[in-house]
Every structure is written in structure tokens, then in C-alpha cells.
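> Here is what each chain is made of, one letter per residue.
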Amino acid sequence: GDSVTQMEGPVTLSEEACLTINCTYTATGYPSLFWYVQYPGEGLQLLLKATKADDKGSNKGFEATYRKETTSFHLEKGSVQVSDSAVYFCALKGSGTASKLTFGTGTRLQVTL
Amino acid sequence: GAVVSQHPSWVICKSGTSVKIECRSLDFQATTMFWYRQFPKQSLMLMATSNEGSKATYEQGVEKDKFLINHASLTLSTLTVTSAHPEDSSFYICSATPLREGLRDNEQFFGPGTRLTVL
Numbered sequence: 001g002d003s004v005t006q007m008e009g010p011v012t013l014s015e016e017a018c019l020t021i022n023c024t025y026t027a028t029g030y031p032s033l034f035w036y037v038q039y040p041g042e043g044l045q046l047l048l049k050a051t052k053a054d055d056k057g058s059n060k061g062f063e064a065t066y067r068k069e070t071t072s073f074h075l076e077k078g079s080v081q082v083s084d085s086a087v088y089f090c091a092l093k094g095s096g097t098a099s100k101l102t103f104g105t106g107t108r109l110q111v112t113l
Numbered sequence: 001g002a003v004v005s006q007h008p009s010w011v012i013c014k015s016g017t018s019v020k021i022e023c024r025s026l027d028f029q030a031t032t033m034f035w036y037r038q039f040p041k042q043s044l045m046l047m048a049t050s051n052e053g054s055k056a057t058y059e060q061g062v063e064k065d066k067f068l069i070n071h072a073s074l075t076l077s078t079l080t081v082t083s084a085h086p087e088d089s090s091f092y093i094c095s096a097t098p099l100r101e102g103l104r105d106n107e108q109f110f111g112p113g114t115r116l117t118v119l
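These protein sequences, in sequence, are chains A and B. 1 is the number of the first residue of the first sequence in the working numbering; add one for each residue after it. 1 is the number of the first residue of the second sequence in the working numbering; add one for each residue after it.
If you're looking for bench data, these hints aren't it; they were derived computationally from the structure. There could be a bad hint or two in this list.
Here are the simulated lysine to aspartate or glutamate pairs, EDC-like style, with alpha carbons at most 16 Å apart [stated by the list, open to error]:
1) K66/B with D88/B
2) K52/A with E69/A
3) K60/A with E76/A
4) K100/A with D88/B
5) K77/A with E63/A
6) K100/A with E87/B
7) K41/B with E8/A
8) K49/A with E107/B
9) K66/B with E87/B
10) K14/B with D88/B
11) K68/A with D54/A
12) K56/A with E69/A
Examples of chain B residues lying across from chain A (beta carbon under 10 Å, computed) [stated by the list, open to error]:
13) Q6
14) L44
15) L46
16) E59
17) C94
18) F109
19) F110
20) G111
Derived Cβ-Cβ restraints for the label pairs, each shown as a range [unchecked claim]:
21) R115/B with G1/A: 21 to 31 Å
22) K55/B with G29/A: 22 to 32 Å
23) S15/B with E76/A: 41 to 51 Å
24) P10/A with S89/B: 14 to 24 Å
25) K56/A with Q42/B: 23 to 33 Å
26) S83/B with G41/A: 27 to 37 Å
27) E107/B with L113/A: 27 to 37 Å
28) K55/B with C18/A: 31 to 41 Å
Since we're looking at a predicted model, the values are computed, not measured. Where a beta carbon is used, it is the ideal one built from N, C-alpha and C, also for glycine.
With the sequences and hints as input, model every part of the structure.
In C-alpha cells form, the structure reads like this:
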């Protein structure tokens with residue numbers, strides 16, 4: 001079945017440091033890939049997505065590129081801020097319209113001054 | 001837009017009692033709502049998918065008589081944990097998918113979650 005593996009946290013960075021959170025997946029066909037963010041006390045919010053190979057999703061300075069050859073969708077940001085502190089979830093959705101989301105375990109990011 | 005609320009945000013109950021959790025789409029009509037369970041430091045696990053006016057589809061290993069789901073309208077789904085026990089303590093999250101017209105297809109909008117503690 002479908003699965004998502006992402007790096008364990010927590011990840012602690014100083015403000016303005018570079019961020020990479022690794023995500024790899026296993027799926028049949030051509031899934032869509034997502035990054036969700038969960039701020040403290042809030043629900044998951046879609047951060048960015050990519051629906052086909054080589055697509056790059058981007059939002060709020062975050063980027064991730066759909067790499068089919070390495071089955072990866074790593075999340076990157078060049079300069080993190082304290083306000084980026086949250087839990088980040090990588091997820092995939094199978095190619096059928098009724099397919100469910102499959103999530104990774106989440107990575108907690110803590111950014112300090 | 002596309003806000004999903006859950007009520008209550010947290011609940012503590014005694015073992016053997018039943019607990020109802022509500023999930024509402026506040027500014028859109030939801031064809032489909034999903035219920036997830038999240039254990040500490042683990043991923044969201046899909047429990048069931050519900051469509052308005054029809055029976056929910058449960059994932060393998062989820063007891064449908066234990067976790068009753070009612071999707072009575074296009075804006076409300078409820079999850080009832082019946083005869084709750086301490087092992088049911090968890091974080092329950094719902095999400096909703098809008099009707100196709102007007103919003104992006106199939107995107108799920110998530111509620112803030114409900115933390116259930118069974119004593």
C-alpha cells in the first residue's frame with residue numbers, strides 16, 4: 001500500500017537558518033504530493049502541493065519538488081523565522097479521485113532567536 | 001474561507017461512557033468528511049470516510065460499532081465513541097472536502113482536532 005516516510009524531529013534551528021525536511025514515498029501510479037503545516041492549537045493547513053513529476057510547489061518561502069526518480073518530496077526553506085515553528089506533515093494522495101490522503105509521522109520544527 | 005470547526009476541543013470522560021464529537025464546515029458544503037485519529041508522535045490515521053446521507057466507509061481495523069459516524073447534513077458530521085475506554089484516548093481530527101464547484105477539487109480542509117481523555 002501507499003506509505004510516506006519523513007525525517008523524525010524535532011528539528012531545532014536558529015532564525016535565518018536553512019531548512020530541509022526529508023520526505024520519501026511509496027505508491028503505485030502517479031500520486032499527488034502535499035506538505036501540510038500544523039501550528040500550535042490549530043488544524044492542519046495545506047502548505048504546498050505538486051501533482052506530477054518535476055512540479056515544484058511553493059508557498060510562504062517554502063518549496064518542494066516532486067522527484068519521481070528518487071520518490072522524494074523534500075521541504076526546503078532558505079531562511080526560517082520563529083513564526084515557522086510548527087509540525088510539518090508530508091502526505092500523498094493516490095491517482096484516483098476518491099483516494100485518501102496518506103500521511104507521514106510529522107516533523108516538529110522549532111525556530112529560536 | 002473553507003473553515004472547519006470541531007466541538008469540543010477537548011473532553012475528559014469516565015470509562016464506559018459515550019462521547020460525541022462534532023465536525024462542521026462553516027462556510028462551505030462538504031460532500032465528504034473524513035475522521036482521523038492521531039497518537040502522540042505518530043501520523044494521522046484515517047478511521048472512516050463519510051458522505052452526506054449514506055453510511056460511512058470504515059478503514060480496516062476500525063470498529064464501526066465502536067466509532068459511530070453520522071453525516072446528517074452537508075455541513076455536519078458527528079463521531080460518537082461508544083463505551084469509551086482508556087485506550088480510546090487520542091486526538092481526533094476531522095476534515096471536509098467541498099463540493100466541486102467553487103473551490104479546488106478534492107482538497108481537504110482540516111478541523112483543529114479534539115483531544116479525548118478517558119479515565
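> Now look at each hint and say whether the structure bears it out.
Status of each hint after checking the structure:
1. In summary, the hint linking K66/B to D88/B is supported, as the alpha carbons are separated by about 10 Å, within the 16 Å threshold.
2. A threshold of 16 Å between alpha carbons decides the hint, and for K52/A with E69/A the separation of about 12 Å falls inside it, so the pair holds.
3. Between the alpha carbons of K60/A and E76/A the distance comes to roughly 11 Å, so the proposed pair stays at or under 16 Å and holds.
4. Only pairs whose Cα atoms come within 16 Å are accepted, and K100/A paired with D88/B is rejected, the gap being roughly 23 Å.
5. With a CA separation close to 6 Å, the supplied pair K77/A and E63/A stays within the 16 Å bound.
6. A C-alpha spacing of about 25 Å is found between K100/A and E87/B, which places the hinted pair above 16 Å, so the restraint is violated.
7. Proposed proximity of K41/B and E8/A is supported: the alpha carbons are some 9 Å apart, at most 16 Å.
8. The suggested pairing of K49/A with E107/B holds, with an alpha-carbon distance near 10 Å, which does not exceed 16 Å.
9. Of the supplied pair hints, the one linking K66/B and E87/B holds, its CA atoms being roughly 12 Å apart against a limit of 16 Å.
10. A C-alpha spacing of about 11 Å is found between K14/B and D88/B, which places the hinted pair at or below 16 Å, so the restraint holds.
11. For the suggested pair K68/A and D54/A, the alpha carbons sit about 7 Å apart, so the restraint of at most 16 Å is met.
12. Between K56/A and E69/A the CA atoms are separated by roughly 15 Å; this keeps the pair inside 16 Å, and the hint holds.
13. Hint on Q6/B holds. Least Cβ distance to chain A is approximately 8 Å, under the 10 Å limit.
14. Interface hint at L44/B: satisfied, since its Cβ lies 5 Å from the closest Cβ of chain A, which is below the 10 Å cut-off.
15. A cut of 10 Å between beta carbons decides the hint on L46/B: the least distance to chain A is about 5 Å, and the hint holds.
16. The beta carbon of E59/B is positioned within 10 Å of a beta carbon in chain A (closest approach about 8 Å), and the interface hint is therefore held.
17. Interface restraint check for C94/B: the shortest CB-CB distance to chain A comes to about 9 Å, inside 10 Å, so the restraint holds.
18. Checking F109/B against chain A by beta carbon gives a least distance of about 8 Å; that is within 10 Å, so the hint holds.
19. For F110/B, the shortest C-beta to C-beta distance to chain A is roughly 4 Å, which falls under 10 Å, so the interface hint holds.
20. Because the smallest distance between the Cβ of G111/B and any Cβ of chain A comes to about 5 Å, under 10 Å, the interface hint for this residue holds.
21. In this structure, R115/B and G1/A meet the distance hint of 21 to 31 Å, their C-beta atoms being roughly 28 Å apart.
22. For K55/B and G29/A, the Cβ-Cβ distance of about 28 Å falls inside the hinted range of 22 to 32 Å, so the restraint holds.
23. A hinted range of 41 to 51 Å holds for the C-beta pair S15/B and E76/A, which are about 46 Å apart.
24. The given range of 14 to 24 Å is respected by P10/A and S89/B, whose C-beta atoms sit roughly 23 Å from each other.
25. Between K56/A and Q42/B the CB atoms are about 29 Å apart, so this pair conforms to the stated range of 23 to 33 Å.
26. Restraint check, S83/B to G41/A: a C-beta distance of roughly 29 Å satisfies the suggested window 27 to 37 Å.
27. Distance hint check: the CB atoms of E107/B and L113/A are about 34 Å apart, consistent with the given range 27 to 37 Å.
28. Look at K55/B against C18/A: about 49 Å separates their beta carbons, and that is not inside 31 to 41 Å.
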